[in-house]
Structures are given as structure tokens and as C-alpha cells.
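All chains, please: the whole structure from these sequences, using the hints.
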Amino acid sequence: MRWTIDFASRNACRVILSGDTRQHHSVERGDALRVLERVGAVSQVVLTKIFRQLDPAQRAAIYDLSEGETDRGFDKLKDLGAIVEISDQAERLQKLSEKHLQALKDGVTSLIVTPTHEEGRTVTTVVRDQMKQEGLITGQEHVVGRLQKLNLSESQQRDSMNYEHGCVVVFHKRSRGGFRPGEQMGSFPT
Amino acid sequence: MGSGLANKWEVSRRDHDGTVIVQRHGQEKPLDLDTAQNFEVYAAATTPVAPGDQLRITSNFRSNGDRFINNELVKVLSLDEQKMVVSRGNGKEAVISRRDLVHVDQGVTVTSYSSQSKGPDQMLCSAPVRSFGAVDRKQFYVTMSRARRSMHLYTDSIDGLREAVCRTGERLSAVELANDAEAYLQQMQEVLARNIFQAKRTANLQHGIEPPLGPTLKEAAPEQDAVRPAPPRRILEPGDAARLAELRRQAMERDRPQRPDRDRGHSIGM
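Protein chains in written order, with numbering that gives the first Met the number 0: chain A, 0 to 189; chain B, 0 to 269.
Treat the hints as calculated values from the structure; they're not laboratory data. The model shown is predicted, which means the values in this text are computed figures rather than measured ones. The beta carbon of each residue, even a glycine, is placed where N, CA and C say it ideally should be.
Covered, in the sense of this in silico footprint (three residues per stretch, anywhere, with C-beta under 8 Å from a C-beta of chain B), are these stretches of chain A:
#	region
1	14-24
2	52-66
3	92-105
4	113-127
5	141-148
6	163-175
Encoded structure:
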């Protein structure tokens, strides 16, 4: 951030920070927007009209959320039937899964959001089983190796205690010790 | 050929002096942790994939000349040992070699973080009590504001969810944290002073001593007699609590109500 500002002032550039500080915070280096907004150091232009939600009642509820009136927005959404309580897990996931598949069949885009990755995996298993039953997932299933980011901070990465056998290290820059960026891995023999 | 994981540097052990040793194809090397800004650490995992699946790209990478972007969702058209053919958001098809295929995950669900920038027709959310640790105001706002036409959130406790979403989920910078703590301490000192004032006044009145002319309680403490200030948004560090206790002790020590001196008949310290 400091580098950006230095560069901009040296070269007479304008820096525009854009974002919504009421949404999830950015990576740490992008947090400057929130800090600047809070201390009122720079002039700002704010979008107050919500365009995404097409239904006025839904839009009003989301507007409350965007203004930090979370409890009011919550109650409106509840009254609209957007928040549903089903205590039985199997029944709850079944209901969600059916709604998702119906949308896929109708050609409507549908996104399933979960607060945690753990919940995401639970939902994924149920939805995929149903997709297989209904012939939306077909053919042979392969087990694909993949990398799961450990989300260590740079200082955590400097501490050898955070390295366990089997962890995978991927370079994005050429580094001391003859390590090359991960994108070049294809050039190595297997 | 085969999995892309075979070409990656894997942590094989930590030496007795703490040096991290990585290996690839049997070749071992020490990892210089001072270059930490140049790499990312991952755990190796697996996921089942079949044609029809929706996958999420988890990092920027290139394969066969196509660039794939972190958080992009692709649909699997076909898959074999060498390659995976996918359909992308722009409707185009692309081929990902299996050896380039490591930055992927199941894309049936996304977290609210990854959902930012997406605007589907319908949003479905599963947020049972066991996931409430990751639920707060921002998370709820982002989640519910994704969809254009309909949103459905499923939970096993509406009341619990309502409580969870009213948490703020703010990150505070060091300066803000310090300011908050400082302001809190200052407020507490004022409250203490006010409480002590009142205690002394009560003690004096009990001994039949009228308060001298001077600021009345109301003037000295305009708001309320003894209110606790709202705590800061972050719990104070343990050290601050100790500091607070010490301040309180000192204040009490200094201003402890004494028995009034009947001979001279004046009130104390008002």
C-alpha cells in the first residue's frame, strides 16, 4: 500500500480504492481502505442503491443488512421465508439439495454458500449423491490429487514448527536454493 | 503424466537444528525460511471428480495456454488419466493437463468469502449451529446479498442464528485496538472517580456532615451516577485487566473515606 502511494505521488497518479467495508475484509494489505474510511482521511463516493436483488422486498431487507441494521434485515428475510429452520440434518440437506437440482434443471444459476469448509463438504456429499442418482454426474469417477492451502501468514511460514511431513511447498518466485516457480513444474520429468 | 503433485517439493522432515528439508523425486534440499515471501505452504489432499461435476479453481495457473483464475467455477465435461476437459463461465471449453491439475476443489459449495463477486439467480445456504463459529454480520450480509432472484438459508436454530449474525466480525488495526483500550481505561477511571465521589458523600452524610458548597453530584457527574461504559469491541489483554485493577486499588487507597474529624467538623476531600 505504501509502495503504491509512493509510486502514485512520484508519478502524479490518482489512486482509487474501491470496496465495501461491510463485506468480508480483504487480505491484510488491502485493509487500508477500511482504515482510511474510518479516519475520514480521504473523500469518498458511496453507492447507496442496490441493483442486484430484483424483488423490492428482498432488496429492502438486503439494504438493511448493508446499513448494518442486521437484526431488522434478518427479521425481514425471515418473514419473506428466506430463513428456514429444519432441525433434522438429513431432511435439511435433502431440501437444500432438491432446490439446487431443480434450479440446475431449469437452467437457473444456483450457488450454495456455507460458513465453513467443513459444512461445505457435508453438503457436497449429499448434493453429489443426488446428482449421480439423477444422472447429472455421470461416467467414471477419478480421485484427483489437489493442494489445500494452509493459509499460514508469512511469519508463520518463517517458523519451522509449522512444517509437517507431507506439506507441499510451491514457489511463485525464483528463490535461493534453486527453487523455481510452481508454473514451471511441467518442464520437469516425472 | 499423472498427478501434478509428483512434481512438487514436499516437506520430508525437520532437522534437529530446525532446518526444514524438502524433497522431490528423491532429491533432498534445505528450505530457506527467509524466502518465505516467495512460496506458499499446502497440505496434499484429494477429491473425487466425475464428468458433470462443478469444480472451483483455488489458485491462478496456466495449462495448455489457458489461464485459470482463483475462485473461477468450471464444469467438468470429461476426464481421463492425461487431461480434463472443462466448460468455463464464458461458455468456452478448455483442456487442463492432469499434471497441471492441483489447484482445484469441489465447487458444489463455496464459502461466503469465495462467494464475493458472484451474483447467481438463486443462493442456497446451509448454516447449522455447528458452523456458527464462522457466522457473523459481514458473513451473513455477503451470503444473503449474492442472489438476484431468491435466497434460502437453512439452519437448525433461527434464534441462535439471529444472535450469531449480530456479531460484528470487524478486524481492528493495532492503532484502533490501542485507542479503544485507552478510551476504555479512561472511561473506567472517570467512572471510578464518580463512584468514589458518591461513596464519600454518602459517608459524610451518614456522619451528619453536609457537603460543602461546590459542585453537586449532578454537576460533577452529569450523565449518571454509576454507569459502566460499554466495553470496547475487543476484550482487553490480560495485562490491561491487571493495570485496571492496579488503578482501582490506587484510587481507593488515595481517596479512602476516613472517619471525619469531629473536632474540626469539616468534611473530607469533597
